[in-house]
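Residues per chain are reported as follows:
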Amino acid sequence: MLVFLAQRLFAALITIWIATIAVTLLIHLVPGDPVRIMFGGFQTTEAELEAIRTRLGLDQPIWRQYLMFLGRLAEGDLGRSIVGNQPVLDILLERLPATLALTLASLAVAIVVGMGLGFLAAVKRGTWIDSTAMILAIVGVSMPHFWLGLLLLFLFSVTLGWLPVAGGDWRSLILPALTLGLATAAVLARMTRSAMIDVLDQDFVRTARAKGLPGTLVLSRHVLRSGLVPISAMLGMQFAYLMGGAIVVENVFAWNGLGRLAIQAVLARDYPLIQGFILFFATIVALASVVIDLLYAVLDPRIRYAK
Amino acid sequence: MTASHHRLSAALLSSALGLTAVPAFAQDVIWARYGDIDSLDPHRATSTLSLQIWDQIYDTLLAFDMDANPVPNMAESWEASEDGLTYRFTLHEGILCHDGSPFTAEDVRFTIDRAFGETPSLTRTSWGPIESVEVIDDLIFEITLETPFAAFLTFLADPFSSMICSGIDTDTFGSSTAIGTGPFKLVSWARGSEIVLESFDGFRNLGQAAENTGAPGFDRLLVRTIPEAQTRLAALRTGTVHIAEPPFDDIDAIRTEGLLDIVIAENTGQNVFWQFTTSRPPFDDIRARQAVALATDPAMAIEIIYGDLSQREWCPISRGVFGNDQDFCEALGYAHDPARARELVAELGFGPGNPLRTTMLVWTGGNRHMLAEIFQAQLAEANIQAEIEIMDIGTMNARVRAENEDVNNTTPGTFDMMTWSWFDPDILFQLWHSPGAYSGYQSPELDALLQETRTTIEPEARLEAVHAVIEYLMTNAVHIGLYTPGWEWVFAVRPEIEGLQVGPFVRPNFLDVTVAQ
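Chains as they are written, first to last, in the numbering used here: chain D, 1 to 307; chain L, 308 to 824.
One chain only, chain L, in its complex shape (with noise of 0.2 Å):
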């Protein structure tokens, strides 16, 4: 073989693999995930896959701590005035920005222009009504609402806010390059395939959760794509990397025997719920989204294809958000009841030899097409025959929007299992304030209500206008909870790893990592 085939057959190889060059000292955390980021920009994005990864190359102003309040982070303190309308922030001095340049308030006002600018941020509406943001010094700037709005602060704990500094390079910016302050810098992005993050020698931990106050212990974090879920496992038994999901099926075989730790996320946020198609027969009459939520048991079908991992949950936001009260959500919701599902559905003129035919909408993986099996039979049952479609969660999302638009539609609405994790109680105000989230259900009243979830500072009074807001979707059967947690909050780590601590929402945080030798 010749010195240029040689030369070929290695591009093609390191091409293939992604490779990059490796120093023989490197110490590295390997992390597998079914799949890859949208885009290095948090302003591009939505999905968990992408958020974590932001987590790491950037950081935000305040920070959740593992209970999931927000606490001081690069701002070391803040004032808000009385009318709840202005917030000065100061920010702590000697942030450093990965290209070496300080971090100041000018960088957080070109991420906030940034996210409302030309292509704004998808979360756009999320960051609140800002009409302004003054900088007074570099280390003190003050950010103006047209209106009170009570999720500000934890909004910018959530990495949807994460803060970039200005020096990017707006061309490459999101798909080869970020610069960001976080604990890891960008090294590459082979797309699908890998992500390779290095330790960042000028960070400093002002706020997030974890006992280490500088830069992680270890050299690079690389992050891979291994989308089948048994070459994952297989992965992690041969030590080709150190953490990542396994298939639900084998963890029970992992517990057991030991070789692997099992990690599960708590304080996830996320919220799996029916919500229906209601601009046409049948969900356009509340009877039939009542017989759905009460023919379904959720609870027996995490049960069986969950085990213990998650767990039923009864309120439109789930536990560890502001305003989750099972009590309170119980008392209001659709507890298994087949017998009252059949009436109602006889009420509305279909039975035993003429069941209501509709479509279940379900998105992939996490052995949820099984959990829809189990409501499809179980809507049987109350006489609603449910065919079950499945399809990737960005398609379900325009699906759902799609269902309830189409004026001309004739056949039977849709139903589907939604999902969002979300920090706040915000995230109701999102779905459900006109247009919507899905352009589904939507009522002045409904409006008015989620308005008040917004502009309500004082924490009792918002709880109240919170609990009114879960009181109507549930009486109206609009948003209907099943369970939590519900994708991607289950890690299997090998024993040479100690120290990760999964944070609230799902954020794995490498800062107390430590790699046994």
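Isolated chain D (complex conformation) (with noise of 0.2 Å):
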């Protein structure tokens, strides 16, 4: 287990490093001159924005950037932002949970209502419940993030006044982790499906049933442990479409959290913020990843022994 937790780490690492590089490249990378965009003003000169560049150390070759750039990452210094001048680590821990609280909110709709209508279809297959809840899962997959989010806030905010439109209370968790959460219980809906389906026509779960174990057993206990083993490792990519997805969802519904951050930081330009949000949003997922993959090995124990 230690090996492969240590695998799972490593893996991990690689991802993390490759974002090092690719946020390093990135300030090359945008068109136009970062620093006239983040400093030009009326009439300034070119002495005084050769100047910025020294002190930004943007002058220096690219591979010198990188090592800069490295060293300061293992102090746990991502830099300050340009706009607000407040280091970028603390800006983005500060929006975190904002985030987390969304994404965390969102797969609980995503777990419970796309594994319990997968569950559903499958036990039901066949039947006008499959086909409902597969049309469902259709429609949730097809709707933008941005057009389900304006429809909700109008039903539910609009029309009927349930709920806030944007800041106020807890109430206003409830919208934008439904918009998140409904896109990813249909691709959970339709995965858990086939999964359960396959698991149902194993030659195990015949057995338990001849032996006459009661039906609600055999599915809590045989069918939904087995089906499960290849939907957690679905978790772990639909986490990191949430958090993706959060961009989006966040500026609708106004949240403020790492998704209206990276607007915010692309919008003004705001380079360091931006590198340090990429990099963030990658060790994030990466780590969640390497959570899942232990939750997998649990769930399978022949993926822990595996060579």
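It should be emphasised that the hints constitute simulated quantities derived from the structure, not laboratory data. Nothing here was measured: the structure is a model prediction, and the numbers come from that model.
Some chain L residues well away from chain D (every beta-carbon gap over 12 Å; in silico):
no. : residue
1   : Val378
2   : Tyr394
3   : Ser439
4   : Asp445
5   : Arg511
6   : Asn512
7   : Ala516
8   : Arg562
9   : Arg587
10  : Asp592
11  : Arg594
12  : Gln618
13  : His643
14  : Pro659
15  : Glu688
16  : Arg769
Ranges of calculated distance between the beta carbons of each label pair, as one might list FRET restraints:
no. : chain 1 : residue 1 : chain 2 : residue 2 : range
17  : L       : Gln749    : D       : Glu48     : 13 to 23 Å
18  : D       : Met68     : L       : Asn661    : 43 to 53 Å
19  : D       : Asp59     : L       : Glu413    : 35 to 45 Å
20  : D       : Ala51     : L       : Leu356    : 19 to 29 Å
21  : L       : Leu356    : D       : Met237    : 29 to 39 Å
22  : D       : Pro61     : L       : Gln618    : 50 to 60 Å
23  : L       : Thr454    : D       : Asp59     : 33 to 43 Å
24  : L       : Leu356    : D       : Val112    : 33 to 43 Å
25  : L       : Ile697    : D       : Met68     : 28 to 38 Å
26  : D       : Trp17     : L       : Phe423    : 41 to 51 Å
27  : L       : Thr717    : D       : Asp59     : 21 to 31 Å
28  : D       : Asp77     : L       : Gln618    : 44 to 54 Å
Facing chain L, a subset of chain D residues (Cβ under 8 Å, in silico):
no. : residue
29  : Leu153
30  : Val158
31  : Phe253
32  : Asn256
33  : Leu267
34  : Ala268
Heads up, the beta-carbon is just placed ideally off N, CA and C, and yes, glycines get one too.
Reconstruct the complex from the two isolated chains, following the hints.
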């Protein structure tokens, strides 16, 4: 198990290392001169801009900039935001709880709705319940976050007046979590159905039933546990998908998380903040993948002992 | 659920919502905007979103009346020397900073020194050629200029010249703290989410265009960022916010419905115009620039997209700004004439099978992409094939400059729908005097004309000088006025809010605002 954990952590480190290269290259790949974009005022002279390039280390060769960046990173320093002149890490940590709250709430929506529908569809295969669940799944997958968010907003906030539009109290989390969670629920429903049908056709299920075990016990103890293995692997990817989706949903619902921060940083051309966001995001997703892999291994012992 | 779980949930939610402790009795006005400020420091940003907030926190030595004329404000009087080089100002007595300290002439010197300091103000050059600031006593100070500067007094009414109290914490100023003398003091800024401002009891209105002479009549002004226009509208409809920019497509419906008031800013000073990459073909040739101007019909385009919310602007400086004269500019301008545009394009060697190719740069928002598509179709009729590229305004500013400066670029030059809002024709100096804001069109003759507009103080003579610049810019097809206003000038207001005024240059003034229960 320790070897398995070490392998997964090594893979995560590789991912994060690739992200460090990407964020260093970022500032050189974007069109236009970032220093001029960030600091160019009226009648700004080239000498003034050159002084800023020197101060930010942007006059150095790219490999040296990369090493300087790694050096600072080792000390937990992601630089300072140009717009706010605050440490980037502090800003990211300030916004992280909001995005985590949204992502976890969305994941809960996705698991409850998606796996519930998928399980039901598998058990009631070929019936109208199965067809309805899968039609709902297709609708859910096809509807963009942006559009679904606005529809929910107009239904529950403007028309029915049940939930606030943005800000206020804990109820503000419900609509963004539903918006983000329902699309993932649709994917999970299809996955769950397919995984459960595979398991339901297995010999050990037939054996369990032949032994006279009650149907609910067969489903809960044998079918569900086996079916969860491929689905848990999916959850890792869905977590990354939800974090990414939060960028759009946070904007629609004015939810003050990392997603909105990323958009604000891009619009303000705040490159240290953009770089910090990408690296931070990559780290969270990589670590989440490790956790999911561990969960996968717990559910299926064959994985942790595999060479 | 355990107590720690409760605390964690509460922490997650309050962080997400940017909430602060709210006394139950607070009377709030909530204003939603599409974006946030860049900085609380008036020297570190240029966006309208930023200066609208500076306007609430800081005050200025002079103020604009509703007709955009500068009038006494923090400075109760001033005298200029005969040569126009020295100005002696007298401050009102008893002006208080938000930290409780008296505002004195030392604070004025502090502000100006800071604007010209190590990290100078982004709009440093608009302060003019200031040579020195001498403090005579607590209330009297003297500013000496190197050369006469006609826009000097006007600038002192603009938020870019906001007066900063010297008691600021230099480490946190602009990012989390701000000390001014304006009607509201800063409570908090949750970046990207909400700015909380509190009515400042010590405020005295000494010259702002409002009837109220004291502090605002409500407790707090909450400025929230809600990027999505439809969400802002939903928030308005449900009473979550009181004031917001509505989606353009819904303005007619809002008017018909009658549930919200629509307030349209006047004297915005906003000028949307064509400018060109003149460092390479095709726009290094005046005929190509003229062809674009003749081929496009701004009046028709804005009628389709904005209806009566915006209007044709012929001049390079907009209505409400000194020197603007529609008849004068129209006589010099380029009335829609696609046939003439085709002739010019043909002279350049292009035609129906071989169109003049270029790229039109446009900044995001305000349905401008739709406007650009209409212009694109109009240009096509004159055999000009323009691709459209849309980007945020900051990127476009930098891109335009890069296009002009990139000597190795062999692709066809671009042109762009640029915009500025300014209180004085001095904007033309900032844009076009060498090296220029965009390294674009430059000439010694234009530089001399622009210099004249700065150093000529006497109004009639200055008007002539400004008109000479306008004539030069238009005759040479350098700066082609399109329309005004151009952005963030429409406000939807809930009926319980009364007394909101939008002053010149899109500056909402909350001094007379009351909230009906």
